[in-house]
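*Asks:* For the protein sequence lines, the chains are A and B, in the order given.
At position 226 of the first sequence the residue is numbered 1171 (the numbering used here), and the sequence of numbers has no breaks.
At position 40 of the second sequence the residue is numbered 985 (the numbering used here), and the sequence of numbers has no breaks.
Keep in mind that the hints were calculated from the coordinates and are not lab data.
Just to be clear, a hint being listed does not mean it is correct.
Taking CB as the label site, the calculated pair distances span [as the list claims (entries may be wrong)]: (1) B/T1053 with A/K963: 52 to 58 Å; (2) B/S992 with A/P1208: 54 to 60 Å; (3) A/T1049 with B/R1081: 31 to 37 Å; (4) A/R1267 with B/T1046: 51 to 57 Å.
Here's a subset of chain B near chain A, in silico, CB distances under 10 Å, partners left out [what the hints assert, rightly or not]: (5) A1077; (6) G1078; (7) G1080; (8) R1081; (9) D1142; (10) G1167; (11) F1170; (12) A1173; (13) T1178; (14) G1180; (15) F1207; (16) R1218; (17) L1225; (18) T1226.
Remember, predicted model here, so these are calculated numbers, not experimental data.
Built from N, CA and C at the ideal position, the CB exists for glycine as well.
There are 2 protein chains.
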Amino acid sequence: MHQLRKPYLLYLGASKDKMFAKTAFGLRDWCRADCLGEWSLPSAEVSTGLERLSPAEAGKRGAGSIVIGIAPVGGALPPEWIPDLEAAIAAGLDVVSGMHTRLTSFPTLVAAAAKHGVRLLDVRHADKRFPAGNGRKRTGMRVATVGTDCALGKKYTALTIARALNARGVKATFRATGQTGIMIAGEGVAIDAVVSDFVAGAAEQLSPDNDADHWDVIEGQGALFHPAYAAVTLGLLHGSQPDALVLCHDPSRAFIEDFPGFPIPDLRVAIRRYEEAAHLTNAKAKVVAVSINSSSMDDAAWKAYADSTSKHVGLPVYDPMRGGADGLATAVLTVG
Amino acid sequence: MHQLRKPYLLYLGASKDKMFAKTAFGLRDWCRADCLGEWSLPSAEVSTGLERLSPAEAGKRGAGSIVIGIAPVGGALPPEWIPDLEAAIAAGLDVVSGMHTRLTSFPTLVAAAAKHGVRLLDVRHADKRFPAGNGRKRTGMRVATVGTDCALGKKYTALTIARALNARGVKATFRATGQTGIMIAGEGVAIDAVVSDFVAGAAEQLSPDNDADHWDVIEGQGALFHPAYAAVTLGLLHGSQPDALVLCHDPSRAFIEDFPGFPIPDLRVAIRRYEEAAHLTNAKAKVVAVSINSSSMDDAAWKAYADSTSKHVGLPVYDPMRGGADGLATAVLTVG
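Pulled out of the complex, with its shape left as it was, chain A reads as follows (with noise of 0.2 Å):
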């Protein structure tokens, strides 16, 4: 279970693309309390619109990490990053990133961090072992969201999901499963990095014992009917034991992206599905809304589908970028 160290410097490298900064803007959007300032290269022409703070400069302010805030082109992490990484490790911050390329693959990044005593966290890997799943129920509720594909508004419902229980005053923790979502919270695994033996083990671990009142949202990973990443999906559900399920899902997507093979099911197969999945670890799980990305739609297109599709699946129909966070948190607590 990663623990990163608050509050952070976004990087931002030689950024000349809005599209390849989408950490850093998630995080300035989803946790900007926690955003201390952005630090870039002189030929970046990116900005979060956060403080521009030098790597020591933020050290001196109490900065815990510097997180990677770009996915750069090619995967690679570029050479002229190192010398701000190098002088963010002198100040004595973390280095948090969600690239596939370990930090720890590069030897001066790695003698740097033991020289002053912190971190390179590489949020996208595992950093431990899990233990095998155990399947005892825990306490607490939880509510999990699902989806008909990858990449559709999992993690986006379970940050509004978790923010609308705050704002009534209901306790709720979002559990992070993916790198973005690790940053924004501070804390969680990367559960897709997880040896397949230990998923459901390390999902258990993400959602542990808590009060009955508490709810922990935790955001989904793949899909049951993907090819590709289905045992993703389904030893996190089973390890996460929800009570309810959110299935999130994109209309303008009829074949699982990058598989044109595979069609996304029917919304009552794919609920009927889900359900039953999750039967095996809670018995009483069961989805309570569907949230829609209905970001090809105009509003009374919008409206029309979320009319159509409430009376087809016979569930509250939100899309929480169209202001749909309390219908879907009210959604969750009639299982409560």
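Please arrange chain B on chain A, whose structure you already have, making use of the hints.
*Replies:* Positioned in the frame of chain A, the structure of chain B alone reads:
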């Protein structure tokens, strides 16, 4: 993907109990032609009955590997084995182990292996990275064994089916997914040791494109109804794209072993759930037979059970230990 060098010298250490030498006996029974002989410490009380050969003598006779055929109590490698393993390494043999503790964690073995140019092969662990699954339909036919629980005969059933198919002249290859199976086959993937994101991809590589009339017989792992290991099962199933499934079951178990809160489902439910899951990557996937571990029954009880179960599920029911291998092979070929 592990690729082992046969023939084998089976190593029994100081074994006093056949129960802990299951690997050695499995190799003797399933690939006897690949077993040159056995070796053990003077205090050993267990023998496979194969010719006793020192590592040096085995090397002279062309042995490719010494295989650790016993599970040491406590899981750690006993220091008294080291001289025998070093002798085998000096004689040019690879060392093959299915233990949790990696051979590569012993510096003296690593140094000896480097000096003599042989390999230390930990077949319980994955030896390489795999790509994510791509879902592309492969040529050739595939049958997978699946189960209502772990450790009830999925490997045994797959081995008997492959042997029975070969015996009637059908091209068939046993595809191993666990350590003992890998030793028997001489190759395979320890699928539960693969990072969850890549389980389906590893399974895809295990049974590559083949002749249209060739059968891969894939060793199943875990169970869809297992609170710890269902992720392994599902990823393996999706990557395997089986045309036929054989459901393995032990009627003496009411609950998942070591998980008393988790009942074994009715066989009709299990069949439906496995077919439903398998249809994602092969719409024609069909359970064709049930393979029963009936070791808890006498002949009369077995006959009554097989009859009633066959009626209940509408499929042929066999125990490969009671002469059912040929019936299973016939059932598999009905989908050819």
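*Asks:* Could you work out which earlier hints the structure fails to respect and list their numbers in ascending sequence?
*Replies:* none
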